[in-house]
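Position chain Z against the provided structure of chain L, taking the given hints into account.
Protein chains in written order, with the numbering used here: chain L, 1 to 443; chain Z, 444 to 757.
Be a bit skeptical, because a hint or two may be false.
In silico SDA-like cross-links for lysine to any residue, where the CA-CA straight-line distance does not exceed 25 Å [to be verified]:
id: 1; chain 1: L; residue 1: K147; chain 2: Z; residue 2: R688
id: 2; chain 1: L; residue 1: K161; chain 2: Z; residue 2: V687
id: 3; chain 1: Z; residue 1: K700; chain 2: L; residue 2: K147
id: 4; chain 1: L; residue 1: K161; chain 2: Z; residue 2: K601
id: 5; chain 1: L; residue 1: K147; chain 2: Z; residue 2: G719
id: 6; chain 1: L; residue 1: K161; chain 2: Z; residue 2: N658
id: 7; chain 1: L; residue 1: K161; chain 2: Z; residue 2: K700
id: 8; chain 1: L; residue 1: K161; chain 2: Z; residue 2: F691
id: 9; chain 1: Z; residue 1: K664; chain 2: Z; residue 2: R598
id: 10; chain 1: L; residue 1: K147; chain 2: Z; residue 2: V687
id: 11; chain 1: L; residue 1: K147; chain 2: Z; residue 2: N682
id: 12; chain 1: Z; residue 1: K601; chain 2: Z; residue 2: S702
id: 13; chain 1: Z; residue 1: K650; chain 2: L; residue 2: L242
Take a look, some chain L residues computed to stay more than 10 Å from chain Z by CB distance [said to hold, decoys possible]:
id: 14; residue: G36
id: 15; residue: I57
id: 16; residue: N128
id: 17; residue: G148
id: 18; residue: E190
No lab work stands behind these hints: they were computed from the structure. Glycine included, C-beta positions come from ideal geometry on N, C-alpha and C.
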Amino acid sequence: MKQTFNLPTRADNTTKKTAYINARILDPETGLDIQGQLLTIGNKIADFGEKIFDGKISEEIEIIDCKGHLLTPGLLDIQVHFREPGQEYKETIETGTRSAAAGGVTSVVCMPNTKPVIDEVAVVEFLNQRARKTGFINVYSYGAISKGMKGEALTEMGLLKEAGVVGFTDDGLPVMNALLMRRALAYARELDMVVAQHAEDLNLSAGGCMNEGEVSARLGLAGIPNASEAVIVERDIILAELTGGKYHVLHISTAEAVDAVRRAKKKGLRVTAEAAPHHFCLNDEAIGEYRTFCKMNPPLRAEKDRIAIIEGLKDGTIDAIATDHAPHDEESKRVPMSQAAFGIVGLETMLPLSLELYHNKTMNLRDLFAAMTYKPADIINIPAGRIKKGAIADLTLIDLDVEWEIQPDDFMSKSHNSPFDNWKTRGRAIMTVVGGDVVYRCE
Amino acid sequence: MPKTTIKTSRAYEHLLGIENLSVENITAILDLAEGYIEKNRQVDKKHVILKGRTLINLFFENSTRTRMSFELAGKRLGADVINMSVASSSVKKGETLIDTAMTINAMHPDFIVVRHPESGAVHLLSHKVNCAVINAGDGSHEHPTQALLDALTIRRKKGRIAGLKVAICGDIIHSRVARSNILLLKKMGAEVNIVAPATLMPPRPEKLGAKVFYNMREAIKDCDIIMMLRIQMERMESNFIPSVREYFHFYGLDESKLSLAKPDALIMHPGPINRGVEIDTRLADDLNRSVILEQVEMGVAVRQAVLEILSKKL
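Chain L on its own, in the form it takes in the complex (with noise of 0.2 Å):
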């Protein structure tokens, strides 16, 4: 297998053409699913169709042969940390970017949990910058609700959307204080901003390093209750409805909490939801013994949970697949289970990971590239996701069929932390396109 690296041209006034031909064109949004022919120019989708071309197609014309493979609109991950600024030992915004092509990943959101804090418009121009030389997608980034994250004093949110931020989080560090979460739901809300929640009543987690349940009773460790997750997911659309502001659950691990979101949905208030592979994937089984690559947060949950969290793709509830993408180094986890690192890598996973869900019949391929695509968009209020004439051409060509193994130290992250090493999948990204060029191919 190889892969090959390009740094996109973000070049918006190029005419450079380029034919995608003999692709099974999948638009999640409309339904619209053909064997066809697709046409960029500059960075732009031009044109696409079952047959856009008349006969041969023009010398200036690069063309690309998809060999009949699944050309979707760019894949989104709206939940990633690349650790720069601050940690770059971890992963950068160089590394981070890299995994997220190979994954078939067009646009990633960061969390704001870098050092310093994204709560500050210097620190959201030096990612755009850094992004902009050294990123191989697009790279979006969350800003904090309160400065430094202390869930104390809301930060300049108005500012910080006008450099770029596409939302707002105090990320792994929950805001506990229900007054400033009702401030910041309707800050934002006129801002036209969405406030995303790691859902985690601090109290009710006590310091605990996984799911609460008969594993972590047999493996004697400090537990997270469910009810951690729902009791402030269950508040926070109560405040949702309070302030008519845009709410988001960042990776729902929890039955009772997609219970409560489904409610909210049906009330009509505007609560959105995402879940990370490794919660539909794996149970806290996992862990089996001690295995900190199993550690994350929200921990992996019961089977009944993960069953819930793959009914909540199904039925919509759940509206995004985002990985969490956190990565550490090794010494991070090589320690006891409650010292390690939460947190797992998960851009060059969450393509093969999900794909199982249609392998295996449980959801058809325009829900679950929904999910991955003008889906996550919205939430964040971006103009991606989506093909469609005009639309910014970003792309990924997808063998759905061919089998391969999970290896992470293969991982073009910095990082290696995944327990899905050896894991036998099947379907991965095959080609990136980012604005129109090619940023990722994989032979």
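For chain Z alone, kept in the frame of chain L given last:
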């Protein structure tokens, strides 16, 4: 011990808010105030209309302009004026509002002018005294003489109130000035826009009778009057807004935002102003646009008119 209550023996009229005033009441006050403006510019400003009357300024909250304005209004009409500030009174020793009211009442004042940090406190006090009570601002509720002096300023500058488009901008949820002004301007036939960050807007703001905006530029578009409200620094500390810088960027009145209003739009502010927080310092000083000092002048005349009208009911 039997509960002591004071029976009001005469039909006292108070000025507790704009809410209970009719268009005729408002017009009468403004018409009468017009006459005082010129007289206040003369060397001899003294009248005898309130000779022998006593006015007590009872201020439970700091104030400079309103207290002085009432003091001048009373003195120029010939009344004896006493200022009682809470800092040096028995209230500091734990006296209740009602006890303070009854104590003052026992001294037979004719007017009590009250400012209090709690909404409704002036109403409560008015039930316990037998003299005229004037609300000089109660909590976030009403500040009727401010709205009246604003109306007088507008009427003199624009020749009318009806049909004008007025934007009231800033800390709506906490502002008694906003509430009184919305009530008065709507009664007088003006169109009123209110604008604030969502955190500084009261619940169901449309029920106040104004058009609700969250974007300053949209709110002041084509307006004749831009009424800025003071933003208290403690709003930052309690997370209503993130920072002065951000507030000014989105809600502060500057040239760029003002250019969307009518070319002859007037800038008003109840004072004291926070330069560079809710208003650009040059705009505040621009005598062609800002009528902030004129509002202060109108304040004395309006309060004289209010005292005169109330004195006729005593």
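Hints and how they fare:
1. Between L:K147 and Z:R688, the direct Cα distance comes to roughly 15 Å. Compliance with the 25 Å bound is thereby established for this hinted pair.
2. Under the criterion of a C-alpha separation no larger than 25 Å, the hint pairing L:K161 with Z:V687 is consistent with the structure, at around 16 Å.
3. The suggested pairing of Z:K700 with L:K147 is violated, with an alpha-carbon distance near 28 Å, which exceeds 25 Å.
4. Only pairs whose Cα atoms come within 25 Å are accepted, and L:K161 paired with Z:K601 is rejected, the gap being roughly 39 Å.
5. This hinted pair checks out: L:K147 and Z:G719 have alpha carbons roughly 23 Å apart, not beyond 25 Å.
6. Between L:K161 and Z:N658, the direct Cα distance comes to roughly 15 Å. Compliance with the 25 Å bound is thereby established for this hinted pair.
7. Straight-line distance between C-alpha atoms of L:K161 and Z:K700 comes to about 19 Å, which keeps the hinted pair within the 25 Å bound.
8. Distance hint between L:K161 and Z:F691 is fulfilled; the C-alpha atoms sit about 15 Å from each other, no more than 25 Å.
9. For the hint pairing Z:K664 with Z:R598, the CA-to-CA distance comes to about 21 Å; that is within 25 Å, so the pair holds.
10. Distance restraint check for L:K147 and Z:V687: the Cα-Cα separation of roughly 15 Å lies within the 25 Å cut-off, and the hinted pair is therefore satisfied.
11. Proposed proximity of L:K147 and Z:N682 is supported: the alpha carbons are some 11 Å apart, at most 25 Å.
12. Of the supplied pair hints, the one linking Z:K601 and Z:S702 holds, its CA atoms being roughly 19 Å apart against a limit of 25 Å.
13. Restraint check for Z:K650 and L:L242: the C-alpha separation of about 17 Å stays at or below 25 Å, so the hint holds.
14. For L:G36, the condition that its CB be more than 10 Å from all CB atoms of chain Z holds, with the nearest at approximately 43 Å.
15. With a least CB separation of 49 Å from chain Z, L:I57 remains clear of the 10 Å interface cut-off, as annotated.
16. Remark: the non-interface label on L:N128 is consistent with the geometry, its nearest Cβ contact in chain Z lying 19 Å away (cut-off 10 Å).
17. No Cβ of chain Z approaches the Cβ of L:G148 within 10 Å, the least distance being about 13 Å, so the stated non-interface status holds.
18. Separation of L:E190 from chain Z is inadequate, the least Cβ-Cβ distance of about 4 Å not exceeding the 10 Å criterion.
Hints 3, 4, 18 from the list above are not met by this structure, while the remaining hints are.
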